[in-house]
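Participant: Guided by the hints, dock chain B onto chain A, whose structure is given.
Read off the chains here:
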Amino acid sequence: MSAKSTTSSPAQPAKSQRTLFQRIFEPKDIKSLSPARLVMTYSILIFWSFVVLFPLYWLLVTSFKLPIHVSDGPVYLPFIDFEPSSHAWSYIFFDLGNDTFRPYMNSLIIAFASTVLAVLFGSMAAYALTRITYRPKIMSIVAFIVILAAVVVATIAAGIPWQIGLAVGAALFVLFLLNLAKHFKRALGNNDILFWIISQRILPPVVAVLPIYVMFQQVGLLDTHFALIVVYMAVNLPIVVWLMRDFFATIPIDLEESAELDGASRFRIFLTIVMPLAKPGLAATFLLVLILSWNEYLLALFLSTADAQTMPLLVAAQNATRGPQWWYMSVLIMIMILPVIAMTGLLQRFITRGLLIGAVKG
Amino acid sequence: MSSFSARFSEWSDRRAPTLLILPTVLIILALSIYPLLLSLYLALSRFKLVRGGYELKFVGLSNFKKLLFGSQQYHFLGTFGRVSFLEWCFLALIAVGFGLWIWRYLRSGKAGPFGLIGRMITATVLTGLVLLCLAVLNGKGFPGSLVVTLFYVFAGVSIQLVIGLGLALLCAQRIQGRNFFRLIFFIPLMVTPVGIAYAFRMLADVSKGPFAPIWQWLGYGDFAWAVDAWSARWVVLIGDSWQWIPFMFIVLLAALENQPGEQVEAAKMDGAGGWQIFRDISWPAIAPVVATVVLIRLIEAFKIVDLPNILTNGGPGIATESMTLHAFIAWRTQDLGGSSAVGYMLLFVTVVTCVSFFNFVAQKTREADA
Numbered sequence: 001m002s003a004k005s006t007t008s009s010p011a012q013p014a015k016s017q018r019t020l021f022q023r024i025f026e027p028k029d030i031k032s033l034s035p036a037r038l039v040m041t042y043s044i045l046i047f048w049s050f051v052v053l054f055p056l057y058w059l060l061v062t063s064f065k066l067p068i069h070v071s072d073g074p075v076y077l078p079f080i081d082f083e084p085s086s087h088a089w090s091y092i093f094f095d096l097g098n099d100t101f102r103p104y105m106n107s108l109i110i111a112f113a114s115t116v117l118a119v120l121f122g123s124m125a126a127y128a129l130t131r132i133t134y135r136p137k138i139m140s141i142v143a144f145i146v147i148l149a150a151v152v153v154a155t156i157a158a159g160i161p162w163q164i165g166l167a168v169g170a171a172l173f174v175l176f177l178l179n180l181a182k183h184f185k186r187a188l189g190n191n192d193i194l195f196w197i198i199s200q201r202i203l204p205p206v207v208a209v210l211p212i213y214v215m216f217q218q219v220g221l222l223d224t225h226f227a228l229i230v231v232y233m234a235v236n237l238p239i240v241v242w243l244m245r246d247f248f249a250t251i252p253i254d255l256e257e258s259a260e261l262d263g264a265s266r267f268r269i270f271l272t273i274v275m276p277l278a279k280p281g282l283a284a285t286f287l288l289v290l291i292l293s294w295n296e297y298l299l300a301l302f303l304s305t306a307d308a309q310t311m312p313l314l315v316a317a318q319n320a321t322r323g324p325q326w327w328y329m330s331v332l333i334m335i336m337i338l339p340v341i342a343m344t345g346l347l348q349r350f351i352t353r354g355l356l357i358g359a360v361k362g
Numbered sequence: 001m002s003s004f005s006a007r008f009s010e011w012s013d014r015r016a017p018t019l020l021i022l023p024t025v026l027i028i029l030a031l032s033i034y035p036l037l038l039s040l041y042l043a044l045s046r047f048k049l050v051r052g053g054y055e056l057k058f059v060g061l062s063n064f065k066k067l068l069f070g071s072q073q074y075h076f077l078g079t080f081g082r083v084s085f086l087e088w089c090f091l092a093l094i095a096v097g098f099g100l101w102i103w104r105y106l107r108s109g110k111a112g113p114f115g116l117i118g119r120m121i122t123a124t125v126l127t128g129l130v131l132l133c134l135a136v137l138n139g140k141g142f143p144g145s146l147v148v149t150l151f152y153v154f155a156g157v158s159i160q161l162v163i164g165l166g167l168a169l170l171c172a173q174r175i176q177g178r179n180f181f182r183l184i185f186f187i188p189l190m191v192t193p194v195g196i197a198y199a200f201r202m203l204a205d206v207s208k209g210p211f212a213p214i215w216q217w218l219g220y221g222d223f224a225w226a227v228d229a230w231s232a233r234w235v236v237l238i239g240d241s242w243q244w245i246p247f248m249f250i251v252l253l254a255a256l257e258n259q260p261g262e263q264v265e266a267a268k269m270d271g272a273g274g275w276q277i278f279r280d281i282s283w284p285a286i287a288p289v290v291a292t293v294v295l296i297r298l299i300e301a302f303k304i305v306d307l308p309n310i311l312t313n314g315g316p317g318i319a320t321e322s323m324t325l326h327a328f329i330a331w332r333t334q335d336l337g338g339s340s341a342v343g344y345m346l347l348f349v350t351v352v353t354c355v356s357f358f359n360f361v362a363q364k365t366r367e368a369d370a
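Chains as they are written, first to last, in this note's numbering: chain A, 1 to 362; chain B, 1 to 370.
Next comes chain A alone, as it looks inside the complex (with noise of 0.2 Å):
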């Protein structure tokens, strides 16, 4: 029944013949929309922003309310409601002082560090791979995991220190490499090491965190800016080799080659052709890995606990002796936001290219 509404609207002689249904329910011509799906779009669009913006709305009234505001039932709008009080912004600035900055400062330094390293890594890696044919072998993988293996059970059920474990598992391996090696031909191809790098993405963290707790204590890295910084690269670095390797893919490759043909080594290439024309791609990637990282939780939980304590252990140690601590609380979580989104501006008409490409190809 709306297609034959739909054809008889192009063809409308005049719009005084159009009736007062038509008007409202039919659009005017094939590329505007009628009124009233107009009047659902912006208000379905609207009630979205309102589900979107009122928590936040509500983090940043909460913050300027005193306890009593909050435990005599809901109060909305400062200054008719109720009086704005800036107790909370003054016990976190200064009461707090460096047990606000010092966790802020941490997760400043971590975040950005860990994703300026996954992106340089990731890329690298990306790059590498969309431009260069590998050809590793099946059997030293194979024998890489059982060296591997071998060393992980003597180091724990032998008692062997780990020093000398590693050592003698990484000679192991290299005497394979050079001796062995050459007698076997099966090899694994570029999407296979893409397949298998991707695929870390989907190791659960908690699985990996108790090993690499174990292992940070050994050397004793543990609560320090360089084992946070560290674990989340590699839990990133799935992401960015993802997303930048279909950009890579989509920069045409003739530049390179006369930057080749110029003597230019691969280095210089992949640093002053290949990443600027990336831009968007980079950008895009970066802002998403400095997200997740920015607000990781469970990793920081295990890996740190005083020294280099993050953001969100400080707004999750709110809740600690008297109850919830609602205001201070909401003071964190909005100057926690704020760095995302002056990002988010500075970098905002890349995100989405940067998000397609990467989800189009998979």
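Keep in mind that the hints were calculated from the coordinates and are not lab data.
This one's a predicted model, so the numbers in the text were calculated from it and none came from an experiment.
There's no promise every hint is true.
Quick look at which bits of chain B chain A covers, simulated, 3 or more residues with Cβ under 8 Å [claimed, not checked]:
#1 200-209
#2 346-359
Going by beta-carbon spacing under 10 Å, a handful of chain B positions derived as facing chain A [unchecked claim]:
#3 D13
#4 P17
#5 I33
#6 L37
#7 S45
#8 L49
#9 V50
#10 G139
#11 P213
#12 N309
#13 L325
#14 G343
Listed next, the in silico DSSO-like pairs over lysine-lysine satisfying Cα-Cα at most 30 Å (straight line) [as the list claims (entries may be wrong)]:
#15 B:K65 to B:K48
#16 B:K110 to A:K137
#17 B:K140 to B:K65
#18 A:K137 to A:K182
#19 B:K364 to B:K110
#20 A:K28 to B:K208
#21 B:K140 to B:K66
#22 A:K137 to A:K185
#23 A:K185 to B:K140
Every residue gets a Cβ at the ideal spot worked out from N, C-alpha and C, and that includes glycine.
Facilitator: Showing chain B alone in chain A's frame:
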């Protein structure tokens, strides 16, 4: 000095293929593969604190046995109710469906041993999970962390996909202010999950939260959602969806904007209705993207931990505990072996689900598209 740097740059150029990929491979080996093996060892042993350190005793599969059949069964699988006759029929229907699916694959002429084994694993695991869900969700049983995680994953991803796609379709029409909505709808992605958990704890408070008057008007003024298992799970799910609908929305909107506009207009000229246009033009165009977004969300959704931990602390009882939270709680009680075993079970379920989805659903949409 200069000869050294020249030699270095020559060496690095010759070795570029290795040097480019080496950091990534080494990092993943050191921080994913090695921990994975170590954690397998932990899962097979019992951890005990002894004077001056700790002791690991190899106990074989007993940690897994404890989860699946022993003292931790209620925590991991749940408490079983009796499966009724109708539910057995439903299960049989699913099993027959999988049987037909494998039969068709065998008759298609493209069957190979790996494809067959893969399909058998998928069919067995999924049927088993459905049976588990039936057994614990029929009113008499009580779900453990595995079924709760599955609930978060499947209910969550479906809700997020439907709402995200709906909003993207609305926004993709010729309307003013599309970029404004795009910007606004993006915001939840930027908020830390811990913050979202607290925000939703405030919002869901029926006596002091912002919606308290509405709750009181409806007569639920003293309803405590945190005490009821299902309402607590739904609050966690709503918080998670609030954060991840934007992700679906943004990628799907971009995909819709990418589809050729002339096709849609030509179809309108020919008198196609909105549903017809969606089914025949838009959906085939965006199906590969939908498959990929769903895959990404599936992978990430299995890892859910911050929201249940902060919102409900896993409670009431263990009602909202996801598997990651289960593993974390086991770790806190010094049960490292049990914790790793839960982790490995999570890894197993995640891998089977995601690989099945990738091979049997996502690849199909891509082939159809090409």
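Participant: Hints first: check each against the structure and report whether it holds.
Facilitator: We went through each hint and held it up to the structure:
Counting residues of the stretch 200-209 of chain B whose beta carbon lies closer than 8 Å to any beta carbon of chain A gives 7, which meets the minimum of three for the stated coverage. Check on the stretch 346-359 of chain B: 5 of its residues sit with their Cβ under 8 Å from a Cβ of chain A, so the three-residue criterion for coverage holds. Here the hint on D13 (chain B) is kept, as its CB sits about 4 Å from the closest CB of chain A, short of 10 Å. The closest approach between the C-beta of P17 (chain B) and any C-beta of chain A is roughly 5 Å, which is under the 10 Å cut-off, so the hint is satisfied.
Given hint, I33 (chain B) at the interface with chain A, holds; its Cβ is 7 Å from that chain's nearest Cβ, closer than 10 Å. Evaluation of the L37 (chain B) hint against chain A yields a held restraint, the C-beta minimum of about 5 Å falling below 10 Å. The criterion of a C-beta within 10 Å of any C-beta in chain A is met by S45 (chain B), whose closest approach is roughly 8 Å, and the hint holds. Among the interface hints, the one on L49 (chain B) is violated; its C-beta lies about 14 Å from the nearest C-beta in chain A, farther than the 10 Å criterion.
Residue-level restraint check for V50 (chain B) is violated (minimum Cβ-Cβ distance to chain A is 14 Å; threshold 10 Å). Residue-level restraint check for G139 (chain B) is violated (minimum Cβ-Cβ distance to chain A is 30 Å; threshold 10 Å). Hint status for P213 (chain B) relative to chain A: holds, with the closest Cβ pair at about 7 Å, below 10 Å. Checking N309 (chain B) against chain A by beta carbon gives a least distance of about 8 Å; that is within 10 Å, so the hint holds.
Hint on L325 (chain B) holds. Least Cβ distance to chain A is approximately 9 Å, under the 10 Å limit. For G343 (chain B), the interface hint holds, the least distance from its beta-carbon to any beta-carbon of chain A being 4 Å, beneath 10 Å. Of the pairs offered as hints, the one joining K65 (chain B) and K48 (chain B) holds, with about 19 Å between alpha carbons and a cut-off of 30 Å not exceeded. Proposed proximity of K110 (chain B) and K137 (chain A) is supported: the alpha carbons are some 28 Å apart, at most 30 Å.
Pair hint K140 (chain B) plus K65 (chain B) holds up; C-alpha atoms about 24 Å apart against a cutoff of 30 Å. With a C-alpha separation of about 9 Å, the suggested pairing of K137 (chain A) with K182 (chain A) holds against the 30 Å cut-off. Of the supplied pair hints, the one linking K364 (chain B) and K110 (chain B) holds, its CA atoms being roughly 15 Å apart against a limit of 30 Å. The suggested pairing of K28 (chain A) with K208 (chain B) is violated, with an alpha-carbon distance near 49 Å, which exceeds 30 Å.
Of the pairs offered as hints, the one joining K140 (chain B) and K66 (chain B) holds, with about 22 Å between alpha carbons and a cut-off of 30 Å not exceeded. A distance of roughly 7 Å separates the Cα atoms of K137 (chain A) and K185 (chain A); the hinted pair therefore holds under the 30 Å criterion. Restraint check: the Cα-Cα separation between K185 (chain A) and K140 (chain B) comes to about 58 Å, which exceeds 30 Å; the hinted pair is violated.
Comparing the model with each earlier hint shows violations of hints 8, 9, 10, 20, 23; every other hint is respected.
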